[in-house]
Each structure stands twice: as C-alpha cells, then as structure tokens.
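Please model the complete structure; the sequences and the hints are all you need to start from.
One-letter residues, chain by chain:
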Amino acid sequence: MDVARNLPNGMQPALPADVAEELAALEREDASGRAVATASQWKLMWWRFRKHTLAKVSLAVLGFLFLVAIFADAIAPYDPTVTQSNRTYAPPQPIYIIENGRLTWPFALGLKSTIDAESLRRMYVLDHEQRIDMGLFVQGEPYRLLGLFETNTRLFGASNGAQQVSVLGSDRLGRDLFSRMVHATRISLSIGLAAVFVSLLLGVTLGGISGYVGGRVDMVIQRVVEFIDAIPSLPLWMGLSAAIPLTWPPLWVYFAITLVLSLLGWTGMARVVRGRFLAMREEDFVMAARVSGSGERRIIFRHMLPSFVSHIIASLTLTIPGRILGETSLSFLGLGLKEPIISYGVLLQDAQNIRAVATAPWLIVPALVVVVIVIAYNFLGDGLRDAADPYA
Amino acid sequence: MNDLLLEVENLQTHFFLDDGLVKAVDGVHLHIRRGRTLAVVGESGCGKSIMARSLLQIVTPPGKIVGGAIRYHRGPGDVVNLLDYDRKGPEMRAFRGREAAMIFQEPMASLSPVYTIGNQIVESFRLHFKVSKAEARTVAIEMLRKVGIPRPEARFDAYPHQLSGGMRQRAMIAMALICQPNLLIADEPTTALDVTTQAQILELLQKLQAELEMAVVMITHDLGVVAEMADDVAVMYLGQVVEQGSVDDIFYNPQHPYTRGLLASIPRLEGATRARLAAIPGTVPHPYARPGGCPFHTRCRERIINRLDMCKTEAPPLVQVGAEHHARCWLHHNQGVELSSEAVQLASLPLTTTGGH
Amino acid sequence: MTSYILRRLLYFIPTLLAISLVTFFIIQLPPGDFLTSFEARALASGDQADLERVEQLRERYGLDQPWYVQYWKWFTGILVGDFGYSFQWKQPVADLLGQRMLLTFLLALATTVFVWAVAIPMGIYAAMRKNTVGDYAVSFTGFIGLATPDFLLALVLMWVAFFYFDMSVGGLFSPEFEGAPWSMAKVWDLLGHLWIPVVVIGTNGTAGLIRILRANLLDELHKPYVETARAKGLTEWHLTAKHPVRVALNPFISGIGDTLPGLISGATITSIVLSLPTAGPLLLQSLLSQDMYLAGSYIFLLSILSVLGVLISDILLAWLDPRIRYQ
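Chains as they are written, first to last, in the working numbering: chain L, 1 to 392; chain G, 393 to 749; chain U, 750 to 1076.
Think of the hints as simulated: they come from the structure by calculation, not from any bench.
Worth double-checking, as some hints may not be accurate.
To be verified - Below, computed lysine-lysine pairings styled on PhoX-like, alpha-carbon distance capped at 25 Å:
id, chain 1, residue 1, chain 2, residue 2
1, G, K480, U, K935
2, L, K56, U, K879
3, G, K456, U, K935
4, U, K822, G, K480
5, U, K839, L, K51
6, U, K972, G, K415
7, U, K879, G, K415
8, L, K56, L, K43
9, U, K879, G, K456
10, G, K480, U, K839
Right under this line is the structure:
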C-alpha cells in the first residue's frame, strides 16, 4: 500500500513516479491502522468500492430495479396486455398528496374524454370532480405471484378496483404504460444478464485458450477478435435477427436475440481473460504451483482463475449496458423482441412515429429508464473495476 | 563563503494528501558552492528527491513549498531568493534549465518517447537563447559529441528507444547542459544503469563539471558514488539534513548516529570476514507518524536516556562540530557551537551524555 | 513505415474474406429460397419478364448449386461491382448502393471530424482541471452522452424541433434539392441538414473519446518526461501541449479505430429514425422484406467502411508513434 492507494478513487495525488515511490517506501502500514496486509482480497475490494459514492448509488438503483423486475406482477397495477379503446393515448394521471395546502391521503383525478369532431381523436382532460383515492395492497386482476401463488393483491392502485389510474398514461391501444414498463424491466434487465452470461462463457473459454495455449491458436483467436471488433455490430445484429422466423414462439425469440447479442459481444471478455492469463503465466505463484507439481488443470482453476474473477466481474458489468442498448435498438427497429414480449425496446417502438410522440410525449419515458439503467451499470462497473485492483 | 552559489535555509516542502500532511522536506539547511559537488545521501523516502525538485520549484500539487528560503548568488552582491518568484512565473522559468538544470533517474522515462532526442535538446536551448533552428542543431550536435555519443549527427534524429540506457543518460546530460547552467542537479543519475555504465557516466559528469565549472548536487543513496564524486556531503533523514560536511568529515569523522549507521552498513574488504553487516535497527517510520523530538530517536543506538528524554521530546538544533561540519544531534549540543537559537534554554539544563544501547 | 503499411494491407485480405463469408451467411439465413417466392409471385402475376429474370438469376448466381459455388459466384461478382439483384426494387443492387453509400461515408467522415474537434479540447480540459467543477461537468455530460442511445437522442431532437419549433428535421436535403443534380446550393443545403445527424451520432463517440483522452492524459501528466520538460523552463501550457498531450493522443487514435464501428452502428439507426437517404433505412427495409442481396450488400459495405477506418487509424497511429513503427 502506498500513499496513493489510500486515497479515494480518481484522487491519486499528483506525484512524480519516483517521488511517489519515495513516499511509498516510507509507508509500512495503512494509515488508519487497518491490517491491510492480512485482509482478504474481497475485503480489500469492498473497502475500495465503498469509497465510490456513485457506484454505491448505482448499486442501490439497480438493486431496486431488480426487485421491480422480480415482483413485476405485484408492482404493476394492471395487466400490461389488456387493451382499452376508451383509454387510447390517455395522459398520465398524477397522484396528489396535497389538497388545499394540506397533506392528505394520496389521490388522483379521473379523466373526462371527448372525441374531437375534426380529427376523430379522443381528447382527455383531468376531471377535478372525480377524485380517486389511492391505496396500498389493493385488490386487482388475479395473477400468479412469482408464478407460484394465485393472488389478486397489487402493491398499489385505486382503492376502488373499478376505477383506473394510469400514473404514466396509456399507449396507442389504451394499455397502462406504467404496468408495461414494470414488465419491460423484467425482460430488459434479464436479457442483459443472459446475453452477458453467454458472452462470458465464450469469452472465458476462447480468451483462456488464447492466453494459456498461446502460439498459433492465440494468433487465430486474436485475428477473430480483431475482426469482430472492427465490424459494426448493429447492422450485423440486424441481419442476424431479421432471420429469426416470425413464427417462433416468444420464448424462442427471446433466446435467439440473446444469442445474437452475445455472438459479437464476447471479444471484450476474451481480451481481458487473455491479457490476465498472459500476465499470470509469468507470475511467481503460478511458477511455484507448477514447480510443486500441480497439474495444468489445477493451476488454471485453482490458482489462475480465482485471481482474476474480480476483473471478470468488473468488465462483465461494463458490457451489460451495451447488450441492453442492443436489445432496445433492435426491438425499437422491429427486428428484435416483439409483442407479446414487453421490453423497453418494444415500448419505444410506439415512439418511433414522431407524431405519436407529439400527441403522447409520455411514450418517451421508457427511454429515460433505459438511460438510467445504462448509467447505473457504467458507474457500478467503474467502481468495481477500480476496486478489483486493490493493490493497483 | 564567497564561492556560495545556492543557500538553502529552513526549506519546507509539504504534501497535502487527503489522508494527512506529509512533511517530505522539513527544515533543510544546505550550502551549495560554485564548482563543487554536493552529494545528498539518505535512504529512499528521506525526502532527498523532493528537496532536489524544490530547488527548481517543480514540486506540483498536492506538494507545496511552504517555507524557507533558497538564495541564489547570481554574482557578487547579486542575491535573489528564488522562493520570492512564482513557481510558474517567467523569472522562475528563466532560472530553470538556464541557470540550473536537472537530470533524472530513469533516462528512458525522462525522455519523451515520441520526439527525437535532438528535438528535445534543441527545445531547451531555443527556449533560453534566441537562435535559429540550424544554429541550435549545430550546438546540440556539439553537445552530444561532448557527452561522448558516437556519430552525433545521426543520433540527433534518433528516438530514445533506439538508444541504449547509457546513451540515453548521456543524451539527458547533453540536454541538461546545453545551456551551460551554473548548477546541475542529478537525481540518482546512475541508479537505473548497469555498473560499468555507471562508472562511465560518473566519469563524464566529473569531466564536464570541471570543464563547465558548475556546481553539482548529486542525489544518491549509494555511498560509493558519494566517495567517488563528492566534495561535500549532506545526509538526510525524514526530511531533514542531519549532518553536513566535507566528504572526509563524513567518511572519517561522522558525528551523527545515523551517518555512523549508514557507514557501518557498507560491506568492506578488510576486517573480520565473518562479521555481520551492521544494519540500522528498525525501519523508516510512516510519513504520517513522524516521531516527535529527533526523528531518528526511534532507531538510534546512541539515544540519550535521561530524565528529560530530550531525544524524544525536543527536536535537536543544528550544531557546528567542525570548520564546515554540522550535525543535528543532542550528542553534540553542549560541545559544539549553536547555530540555532530555538533550544537555547535547554542548554542550561543538566545533560547526561551517556550513549544508550 | 512502408513495410508496416504493406503488412497491414495484407492483413486486410483475410478480413475482407471473413466479412464476405459472414455476409453471405446472412444472405442465406432466411428460411426458404427467396428466389422461389419471387418466382411464385411472378407466376401469380403472370409477369413474363420476371419469369425470364428468375432463370437468368438462377444461372448467374448458381442458386441450384452447392453453397460454396454460390458463394464464389457472389463474391467474384462483388469484386467487379456486381452486388446481386434486388427483388423488391427489381434493380441490380449496385444501382441502389451508389449515392446512399456515398452519403453514408460522408456522414461517417463528418461525424469523425466532429468527434475529434469536440473530444480533444474537452478531454484535455477535463484532465488539466481534474476534480474541478469544469471537469465534473465534462465527465457528467460525457456519461449522459455515453448512456443515451443514438435513436433516443434523435427522437428527442426531432420531438423538440417538431413540438417547439414546428419544423421537420428529417432527411439530408430540403425537398427542392431532393432529386436535383449536385450544385453548390445543394451542397450548402446538405451542410445545413448534416449537423443534426452528426451531433446525434457523434455524441456517443465523443463521450467515449473524452473519457479515453482524459484517462490517458492523467496517466501521462505525471510521467517523468513531463517533469524533465518542466525542469527545462517550459510554461505549463507549452509543456502540456507538446509532451503529454502528444503521447496521450496515441491511444486516442487507436480509440478512434475502436469507436468507428460504433459510429457506423449509430449512423445506421439514426438515419432510420431521421429517415436520411443513407444506407440505414434501406437496410432495414430490405431486411424486413427479406430482400437479401440488398441487405447483404449493405452489411458488407458498412463492415468494409468500418474496417477500412480502423486500418487508417492504425496507420495513422504508426505514423505518429515511432515506437510502433520500429517494432
């Protein structure tokens, strides 16, 4: 540990290298008296990660969104697929907690709709006469919680089940946008994870072979990596996903898209793994293991892999947002996931038409969530990456 | 004392780090004389590199020179305090490179990898002298020849990575000396080189020093280099000069326990073959946890143990122990002549000068 | 240097082959023989000319032969400018590519220039003013730029223009220049429209490159050679611009090679949203209607464009960094 390492991330003192070394030589134990030399690798990572405020906030945000994804059925007040012709493009109904300057039980206002004679479009105004009280754990449409328990308790909604409140408005077919977004969170977050998991398998295998075997195999794999990195992924993704038969059931399409996204996405992982392997082949502890007669398998899985698991996690986190954006873009273009699967990209398809956005600006809201997810993953990944190198 | 070039008085350079204050240089007194070589020795971490950088005011934040004076004797009666100049201002920049130049430990890292060495030498020259590119090139090639680089015309256009380590350090020296400075600060110039090259570079530095009549401040931890090069020696420990004197004073009549410890740790050819090398006990303390009193008291074999325990409680003053020989140690306090007035009242206190072990 | 360029050009040949194989694979992907469905439609409509064309095409592209023969016929055709036949447009694909690829290339070029012009000064500023409000502002903007998908930016921009300024920002030309021959006025009109997609596509890459440059520069700022330059008496500005910035630009340039494929991807989706007369919209259209020769050719050319860009940035890097050149 030198002085620079004690500082919060990105705050390394501006010391010339040899001066820093000089200061480092002075230091024999961590200033705050923690037993740095004896702390486990994960503990050191946690200490460093904790100093990254943005990463911590991002972790909380993502944790919250994952909770939303898991309990999507309970959190969504309505069935995301039910269309209502009398609520097409209904505007958001804000929830008020202040009435006449005083705090009150949350309530929303009903909508009054008229048909515009000229454009034949339904027009809405908030009906100040019609007050709808909101409630927690209200009764709604029945669903299976986590696919297991039959229930009809929803996290929140209008106290009177007969009334509807769309906090984020409705789409072209009168479906509740908020409910759809809650369900989209499930798909978009999970497809990011799934695609990265496949990339991980490909990347670790190929990167590991490349770095460990070396020689001609390494050469070939490196050329492939360079090739994949040099071609633009979106047109290729488009080409590949366009080939997915329209007749496939939703679940198959989901996996096919996952596969398409991961086929081009493993190269970053392979680079990391290969680089680590190359560096580690020269390390003393690997040499020591070899000298003491460990088999190659044991060296790889017992000694080499664990020492860079943290790096893999960090770079995985940084690849997830790319996958999520990929899925969103493809679905947005109509080449990715399709109804009845709901992802953020599918939701944004409605926003493709600029006139639709002009009449119903709330259709853009799903995009904001995508941005938040991507930023959160980036900050989290940055924090993890910095934390992954406790001695760096 | 009329040959004085640079007079450093109570120099303090501190690093304001998030975790606390590091007093890298804490009250250094030094005299640098024209045409002579002053070696600054100490273990890594004693602040000698930062002290050297402070002389040119190239310490960058979070480091800052917080006190003291660096008086530069430009000529007879023409003395300026460099610390009066702004660190980034034109006067200080005119001093750097022109009046005093510096060479660094790692020639490879200290040369920009993307410019030819000729470009980097000329850069310095044309900054301080209004000359044409062609003239500067001629001067630079001459300088390259002087530092012993073969075929300098061709090497002028070479990139650092195309030269060997020794050649690179020669190029660094040429770069530093192109403006014929009065003072050359060499920060461990031979540490990164192999032994034969080290000797050549030291020889070259000696030759050039005589030729250009400049003062040299040689930062090193290698007492062999000191013995070979130095006229005067300053020994640093934890940001302070604990002893300064002529090379003979230091090697044959060391007065500070730390100096004695350093000298005892040199392996010798003569003497008992089976004797263990005497190492200084303990390690250099943490910079945030500087010991009070004499900073060396935690490792000192000759610490005065008495009722006052002053080695632990009071910082010792710089005491004159010979004609040009000073040591910062309580052991000499009631024998030598006091330079510092801060501990006068202590002089009247009863002292026991028993060396403890 | 010459040998380096030659070596890189040699590497380009297997890449070209690989791209062509991947493209051919995509062309073959859709289930069923697209010619058969074309034939069925021609039969149904009784279009004799189309039926004749089917025969010609079957012969020309060896569609009744094994895949490697088909591949070879297709690939050698590309080398002489025959990209296949668009069943939807009933035209040779080559005729549909020309202007759109030119505009795509122009768009990519303009975006690269924009990215450079913005990222370099902002990256340097952020590094030199590290941990100041300015640095945080640059970094924050960068993060937003990095996280916002191109199509969203395009949508928002269009929406703002439509809603608040009541103007349509789509396309690259005003209606009166749409089909007009090239003239100074048309070029001027193009420039007036070009900046919107350039900003949309470039934001992402700019944000990435600012981060790269800032990190590189922060690494370099404390290298010993900077201290050497400082000890020479250079001003802070002069020494930063000449020494660390110059070194930090090297990985920056290879970073441009890395961002170019992303830029092409961004250009594809942005041009779809903004309905620009570039490759993107036609690619989407052809994919949706399974007009595979046309789609394949676009994927092929977009990939080539991006690989060439990477190649150029590599050569540029070698030219700028003597260490690479002499390896």
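- prompt: Quick check: which numbered hints come out false for this structure?
  reply: Numbers 1, 3, 4, 5 and 10, in rising order.
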